[in-house]
Structure formats: structure tokens, C-alpha cells
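Visitor: Sequence:
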Amino acid sequence: MSDFRDLLDYARKITNDTLAEVFDEVMYEAESISDKLVALPYISKDYTLRGGKRLRAFLIMIGYWSKEWRHKDLDKLRYLMAGIEFLQSYFLVHDDIMDKDELRRGGPTVHVWFEKKCIEEKLLGDCKHY
Numbered sequence: 431m432s433d434f435r436d437l438l439d440y441a442r443k444i445t446n447d448t449l450a451e452v453f454d455e456v457m458y459e460a461e462s463i464s465d466k467l468v469a470l471p472y473i474s475k476d477y478t479l480r481g482g483k484r485l486r487a488f489l490i491m492i493g494y495w496s497k498e499w500r501h502k503d504l505d506k507l508r509y510l511m512a513g514i515e516f517l518q519s520y521f522l523v524h525d526d527i528m529d530k531d532e533l534r535r536g537g538p539t540v541h542v543w544f545e546k547k548c549i550e551e552k553l554l555g556d557c558k559h560y
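Numbered by the working numbering, the letters in the sequence shown go through residues 431 to 560 in order.
In case anyone wonders, no lab produced these hints; they're calculated from the structure.
There's no promise every hint is true.
Simulated restraints, written as ranges between beta carbons of each label pair [unchecked claim]: (1) E451 / Y494: 18 to 24 angstroms; (2) E551 / R480: 20 to 26 angstroms; (3) F521 / I549: 23 to 29 angstroms; (4) E451 / F521: 20 to 26 angstroms; (5) E459 / I549: 41 to 47 angstroms; (6) H559 / L504: 42 to 48 angstroms; (7) L467 / K558: 22 to 28 angstroms; (8) D447 / D531: 23 to 29 angstroms.
Just so you know, these numbers come straight off a predicted model, no measurement behind them.
All C-beta atoms, glycine included, are put in the ideal place defined by N, C-alpha and C.
Just need the whole structure built from these sequences, with the hints factored in.
Guide: And the structure:
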């Protein structure tokens, strides 16, 4: 059981580190274009890194290992592992909107976060349907 937990923790660390790295790059690029663009990658990073088991990333790692494993390929593998978690976050955001959920993993859902931002910045339109 300990070996399984160690592998899962290893996959989670690789995935979380890669997700944070990619989000930081996107936030830097967004900020270089406009300060207003930073909100989307900021809440996306917070939402995605708030938790999660990272089982999908773990299964990708195990699947890759079953085919072949060379440590020099870790760079390719880690982006694939992060990519599946990006996709999962997208699915969860969509699910939260459809179900009108307000909390996910101990924090506000993305649409609720943007609703509050809309109210705080006094943007035009109906903030409830941001």
C-alpha cells in the first residue's frame, strides 16, 4: 500500500508543479497584454490547484510506464499529466455552472468568483449571469 501511496504522491507533485508553472507563464503573458486579462488565469490557477486527487494524471503516468519509461521523457509526460487535469478543471467549471454550485474544494466556484468581481468593479450588466 505504501508503494501505491508514494507513486500517487509523486504523480500529484509532478502534476501540481507543472500546473503551477504553466499558470504562472500564462499569467505573465496575460499581464504583458493587459492587467484585466490576469483575472482569468488567476482564478483558474486557484481553482485547479485547490485540491484534487490527481488520479487521472496518475493513471496517465502508470499507462505510460506500462508502455515504456525513460526518465528523459518526464518533461513530455508531465505536460500530458497536467493537460488531463486542465481538462478535468474545465469539466468541473462546466458542472458548477450547470448545477449552480457555489463552492468547490473549499473555495468559490469560478462563476461565483467572477460574479463577485463584477459586483466589486461595478461592471455593466447582470452580474448574476456573468
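Visitor: None of the hints should be skipped; say for each whether it holds.
Guide: Checked hints:
1. E451 / Y494: 18 to 24 angstroms: holds (19 angstroms)
2. E551 / R480: 20 to 26 angstroms: holds (23 angstroms)
3. F521 / I549: 23 to 29 angstroms: holds (27 angstroms)
4. E451 / F521: 20 to 26 angstroms: holds (22 angstroms)
5. E459 / I549: 41 to 47 angstroms: For E459 and I549 the Cβ distance comes to about 28 angstroms; the hint is violated.
6. H559 / L504: 42 to 48 angstroms: holds (43 angstroms)
7. L467 / K558: 22 to 28 angstroms: holds (23 angstroms)
8. D447 / D531: 23 to 29 angstroms: holds (28 angstroms)
Comparing the model with each earlier hint shows a violation of hint 5 alone; every other hint is respected.
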